[in-house]
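The listed protein sequences derive, respectively, from chains D and P. The first sequence runs 1 to 226 under the working numbering. The second sequence runs 227 to 452 under the working numbering.
Please keep in mind that the hints were generated in silico from the structure rather than gathered at the bench. Just so it is clear, the structure is predicted and the values come from calculations on it, not from any experiment. A few of these clues could be false.
Short derived list, chain P residues pointing at chain D, Cβ under 7 Å [stated by the list, open to error]:
#, residue
1, Pro324
2, Ala325
3, Ile329
4, Ser332
5, Trp337
6, Glu339
7, Asp342
8, Pro359
9, Asp360
10, Met372
11, Ala376
12, Trp395
13, Ala398
14, Asp410
15, Ser412
16, Gly424
For glycine and all other residues, C-beta sits at the position ideal for the given N, C-alpha and C.
Each chain, letter by letter, is given below.
2 protein chains.
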Amino acid sequence: MKAVVLLSGGLDSATTLAIARKEGFACHALTFRYGQRHGREIEAARRVARSLGAVEHRVIDVDLRALGGSALTDARIEVPKDRPDLGDSGEIPPTYVPARNTIFLSYALAWAEVMDAWDIFIGVNSTDYSGYPDCRPEYINAFETMANLATKRAISGCRLSIHAPLIHWTKAQIIRRGLDLGVDYSQTLSCYDPGAEGKPCERCDSCLLRMRGFAENGLTDPAVQS
Amino acid sequence: MKAVVLLSGGLDSATTLAIARKEGFACHALTFRYGQRHGREIEAARRVARSLGAVEHRVIDVDLRALGGSALTDARIEVPKDRPDLGDSGEIPPTYVPARNTIFLSYALAWAEVMDAWDIFIGVNSTDYSGYPDCRPEYINAFETMANLATKRAISGCRLSIHAPLIHWTKAQIIRRGLDLGVDYSQTLSCYDPGAEGKPCERCDSCLLRMRGFAENGLTDPAVQS
Numbered sequence: 001m002k003a004v005v006l007l008s009g010g011l012d013s014a015t016t017l018a019i020a021r022k023e024g025f026a027c028h029a030l031t032f033r034y035g036q037r038h039g040r041e042i043e044a045a046r047r048v049a050r051s052l053g054a055v056e057h058r059v060i061d062v063d064l065r066a067l068g069g070s071a072l073t074d075a076r077i078e079v080p081k082d083r084p085d086l087g088d089s090g091e092i093p094p095t096y097v098p099a100r101n102t103i104f105l106s107y108a109l110a111w112a113e114v115m116d117a118w119d120i121f122i123g124v125n126s127t128d129y130s131g132y133p134d135c136r137p138e139y140i141n142a143f144e145t146m147a148n149l150a151t152k153r154a155i156s157g158c159r160l161s162i163h164a165p166l167i168h169w170t171k172a173q174i175i176r177r178g179l180d181l182g183v184d185y186s187q188t189l190s191c192y193d194p195g196a197e198g199k200p201c202e203r204c205d206s207c208l209l210r211m212r213g214f215a216e217n218g219l220t221d222p223a224v225q226s
Numbered sequence: 227m228k229a230v231v232l233l234s235g236g237l238d239s240a241t242t243l244a245i246a247r248k249e250g251f252a253c254h255a256l257t258f259r260y261g262q263r264h265g266r267e268i269e270a271a272r273r274v275a276r277s278l279g280a281v282e283h284r285v286i287d288v289d290l291r292a293l294g295g296s297a298l299t300d301a302r303i304e305v306p307k308d309r310p311d312l313g314d315s316g317e318i319p320p321t322y323v324p325a326r327n328t329i330f331l332s333y334a335l336a337w338a339e340v341m342d343a344w345d346i347f348i349g350v351n352s353t354d355y356s357g358y359p360d361c362r363p364e365y366i367n368a369f370e371t372m373a374n375l376a377t378k379r380a381i382s383g384c385r386l387s388i389h390a391p392l393i394h395w396t397k398a399q400i401i402r403r404g405l406d407l408g409v410d411y412s413q414t415l416s417c418y419d420p421g422a423e424g425k426p427c428e429r430c431d432s433c434l435l436r437m438r439g440f441a442e443n444g445l446t447d448p449a450v451q452s
């Protein structure tokens, strides 16, 4: 059984790939080059796809810089650092990229249709990022409903599924599951603003959430150690 | 009031732009360079955006060739010619591009969110193309529902609308409305397989549907004449 797995190279998507493999899917990993401040995420995605046994890995250029509107796609907007509440305030941080998950899932849908795959995996998580509207279960369900009307298979009556296995987990739970499945988190990169050497900044929301998740498991983040 | 208008440079999207302008929207036109066999569609879109008074026109590169699966994105798949039934058989032709409208609407959604626009126009039409799943009203409605859960405004309680004004019209009705609104159809290009000079082939489904629509209005297609 084939599945398309969205793979950013970060902790969540690496764990999602490991889960999809564990469930027996032949995983076709899909990564987007979308104007991140650094291309280090792409390198991390390549390492992760290889080590977690993806059967194929494609990288697609997506021009989100043409639209801007986020600290991750517009160099003039700063990535927030050292935020004590880590998104718990309910306010959406400037690292939110407008409609990003919708664009990514749309490409995944296209590839799934071309390959005749019926399953798409995405590592969204609503617990740690309640501020991102496109990480919520109701959004994922609405995308799945739309996807089942959008493609040729809509006419055949078969169903495409969007799997978001991490959606209700805490970062600590995600890490525990990933470690059980043998994910090497030293290969992943979650930082919103890594240094020139691909070193995590240890101060953005993404770094802080990760480090807290490892700490709750009595561990140190191996990406920070290495 | 701002609106994002998807503009391919063809007859339907030109008419849609004219309708959006007539309804009083400041139109931000969005065109995709996606691996068509020719870039003539882009030139047509530029002409149409200018002559129909779009306040802005952006062209975004979208790498659909990386996924293939259609006669419009894979040169090895032929564009069908001289088909007598013009899609009335219910069979989906090889010019269908997997998830294309979903990808295009996702970018429109991103741009709408960045600009704080609440309206997106798309020139899909279910009457002439019953074979394309992503041209049907139930698909457009499902996309709108998903879009209203996908973005920041989902949290604010405001509503984004996807307008598909042509969805129930025949090609002849679309042309009649466009002529009333002053659309110059000689500027548009709908052909799936235009010649090197940007001349329509007059044999693909898209050319045949257009020519029939003009004939039903007692006219000759000006793109064919010119």
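Hints versus structure:
| no. | hint | in the structure |
| --- | --- | --- |
| 1 | Pro324 | holds (4 Å) |
| 2 | Ala325 | holds (4 Å) |
| 3 | Ile329 | holds (4 Å) |
| 4 | Ser332 | holds (4 Å) |
| 5 | Trp337 | holds (5 Å) |
| 6 | Glu339 | holds (4 Å) |
| 7 | Asp342 | violated (10 Å) |
| 8 | Pro359 | holds (5 Å) |
| 9 | Asp360 | holds (5 Å) |
| 10 | Met372 | holds (4 Å) |
| 11 | Ala376 | holds (5 Å) |
| 12 | Trp395 | violated (21 Å) |
| 13 | Ala398 | violated (26 Å) |
| 14 | Asp410 | violated (28 Å) |
| 15 | Ser412 | violated (30 Å) |
| 16 | Gly424 | violated (25 Å) |
Hints 7, 12, 13, 14, 15 and 16, counting from the list given before, are not met by this structure.
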